[in-house]
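These protein sequences, in sequence, are chains L and B.
Letter by letter, the first sequence follows residues 30 to 628 of the numbering used here.
Letter by letter, the second sequence follows residues 46 to 142 of the numbering used here.
Quick caveat, the hints were computed from the structure, so don't treat them as lab data.
Result set (SDA-like, lysine to any residue): computed pairs, CA atoms no more than 25 Å apart in a straight line: (1) B:K67 / B:R107; (2) L:K299 / B:L51; (3) L:K597 / B:D87; (4) L:K299 / B:A138; (5) B:K64 / L:N356; (6) B:K67 / B:R131; (7) L:K314 / B:S86; (8) L:K575 / L:N552; (9) B:K67 / B:H104; (10) L:K292 / L:E618; (11) L:K365 / L:H307; (12) B:K60 / B:A75; (13) B:K94 / B:D106; (14) L:K299 / B:G120; (15) L:K292 / L:P251; (16) L:K322 / B:V142; (17) B:K64 / L:G349; (18) L:K597 / B:S86; (19) L:K219 / B:P99.
Listed here are the chains, written in short residue letters.
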Amino acid sequence: MISPSDPQSSSTAHSTAATPGAARQSSTSSGSEDANQLIPVRMLNEFTYCPRLGYLEWVQGEWAENIETMEGTFGHRNVDKPDRKSIPARKKSNDNGDRDEVQSDSANGDSIHARSITLSSDADGIVAKLDLLELDGGVATPVDYKRGQVPDNPEQSWEPERVQLCAQGLVLRANGFESSQGVLYYIASKRRVVIPFDDALVARTRELIVQFKQAAAEEQIPPPLEDSPKCPRCSLVGICLPDETNLLRAPEESVPDGNRIRKLLPAKSKALPLYIQHQGAFVGKSGDRVTIKLKGEELASVRLLDVSQVCAYGNVMFSGAVIAELNRRSIPIVHKSYGGWFHGITTGLSHKNVELRIRQFRTADDPEAALTISRQFIAGKIKNCRTLLRRQLGSTDDPVIANLAEYRKRALRADSAETLLGLEGMAAKCYFEKFFPMISGIEHYDVDGRNRRPPRDPVNAVLSFVYSLLTKELTVTLNSVGFDPMLGFLHRPRYGRPSLALDLAEEFRPLIADSVTLMAFNNGEINQDSFIARAGAVALTDAGRKSVIAAFERRMDTEITHPIFGYKVSYRRVLEVQARLLARYLLGEIEEYPGFVTR
Amino acid sequence: MRSVYLIAYDIVCPKRYRKIYKAMCGHGDAVQYSVFRCELSDMELQSLKDQLWPVMNLHQDRVMIVDLGPTEGRGDECIEFWGEPRSLIPDRAATIV
Ligand code: SF4
Chain L
30 MISPSDPQSS STAHSTAATP GAARQSSTSS GSEDANQLIP VRMLNEFTYC
80 PRLGYLEWVQ GEWAENIETM EGTFGHRNVD KPDRKSIPAR KKSNDNGDRD
130 EVQSDSANGD SIHARSITLS SDADGIVAKL DLLELDGGVA TPVDYKRGQV
180 PDNPEQSWEP ERVQLCAQGL VLRANGFESS QGVLYYIASK RRVVIPFDDA
230 LVARTRELIV QFKQAAAEEQ IPPPLEDSPK CPRCSLVGIC LPDETNLLRA
280 PEESVPDGNR IRKLLPAKSK ALPLYIQHQG AFVGKSGDRV TIKLKGEELA
330 SVRLLDVSQV CAYGNVMFSG AVIAELNRRS IPIVHKSYGG WFHGITTGLS
380 HKNVELRIRQ FRTADDPEAA LTISRQFIAG KIKNCRTLLR RQLGSTDDPV
430 IANLAEYRKR ALRADSAETL LGLEGMAAKC YFEKFFPMIS GIEHYDVDGR
480 NRRPPRDPVN AVLSFVYSLL TKELTVTLNS VGFDPMLGFL HRPRYGRPSL
530 ALDLAEEFRP LIADSVTLMA FNNGEINQDS FIARAGAVAL TDAGRKSVIA
580 AFERRMDTEI THPIFGYKVS YRRVLEVQAR LLARYLLGEI EEYPGFVTR
Chain B
46 MRSVYLIAYD IVCPKRYRKI YKAMCGHGDA VQYSVFRCEL SDMELQSLKD
96 QLWPVMNLHQ DRVMIVDLGP TEGRGDECIE FWGEPRSLIP DRAATIV
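The shape of chain L in the complex, shown without the other chains:
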């Protein structure tokens, strides 16, 4: 969530991390169909900060932790320690001239303090968890803790905080208390600020509750803020993609020179995958580290902070503790057979973007709509194939370049999925005719075109393995964005096949998988010793697989300039952004799915 404070204030540090690996907990909501569901006042705070943020969190169940929302806050404890009973009211020992604006309770008077109470008001349609409630007879004063400093503005507070507090007051009133003011306690400043619940604030609070309910009932996500200083401090910026969405929504003429996109996302993710292919390895947890052992000997130990996913091949064992901890942190575990067959993903309680799944299923069920997206996947793939060949061949004279351009045009007009797949096949054939000879030493490898299941030569063995890595990566990404990776638009569902991941993989095959293959051979990272042949089938050795995985991971970490948004970003993030743009398209926010094509 966000800091409710003004974006220009610099009082608190903010993390904007919202990667798939970031801890994501389910919010208290489950959907919009139940209009009578009570709105948590914490969500009302978010909605006041930005209506889209409130919607993303409450209706779509998105959540990303940031420094403001971390539980067991350092600051709370700091205040808590000396006297657990009456934190804000206790007498101050420091003499810095700040005076509490509410007089301290006379010790042991009639006043009662209660912590962490949950109360609701059906009439207002809200539910509140109170940090602290000060009771004096029938008079109730809610106290809300804020991590930062007292804001430097006339109200000494920000509107979202006031609205949240006032909503708590409304809940107290509905429960028979008298509540005419609340207190914001700023931990860093150790100061109380009194907020009177005057008519204007009460009216504003009620108005926002109504607007929030309406947005939820209409299932209409509010648009992103325009160029707002709130976005860089918003923890969901990586999910919302405010500037990207606004750019793609704007009619082309109105966008001067392509982009005014702010770079709000970090170019790279902090955490990286962990691959385990040692047969018989045991994965456990030691403190906040994942340890991998083989026969009692430690092979590796990695901070959980550095792990974005765990990918286990074949016979790998996991302790219950490590599974629970990975689940808790929303770090997925991918289980594959040693040969690379997808067995499943273990994830924590997945978040509840039910709205997105419904649209995904509806679209897949509508042949025309499914075809529209599929065209973009295939046209994007052909374009990227063409770009790879053009760069490698160093010229555009080769007829294959013109042929691919032609196939792409026809793909964009294809009138059925069959036509589209036919075009894809023809394009692939002429592409691979040029691609294979680019691999140095190809003459030793006895390659006869593209073949699979099982691959019959080393180059095809590597291609198949890298495609499986790419598919795995997209399956994990789509899952974390809230899609069902099994149901695609172009690839039809078949048992054990993540069709949507295969769809989205199309445009990335040349950019990621084919170029990894090319580099691995041409840089000498793999050679004839990296393979074993059995009965006509060729497979990578353990060492060969390790080299290929390393090459793939390096590619994923490579930063490129985004062709539409103009900022530097790693391929790993590009995959996530594409998945989110696909979601924006399905949810009707943008007109067209923008395939990822490099120039």
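With chain L's structure known, arrange chain B with the ligand on it following the hints.
Only chain B with the ligand this time, still in chain L's reference frame:
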């Protein structure tokens, strides 16, 4: 996005020491006894503090946190080792075993 921190501690009681050591291991690597090199975001640093704080006894123990700057900036460049560090500074790469 992440910064490098050098964190050193003196913990008097063995029981508290073990807890602190464990929390530190989850956040960085020991380059010397009781000296860790930690690559942390703001939030990760906060979470480390949240773990250390309730364990420590401020009358007896001490912790020092030195911010060496962003990982991609000055970060590690200002560390010079004589003799073998207890653990090497990790590269940014996926772990494959
Ligand atoms: S990134 Fe900006 S527009 Fe998007 S939810 Fe956050 S504050 Fe609102």
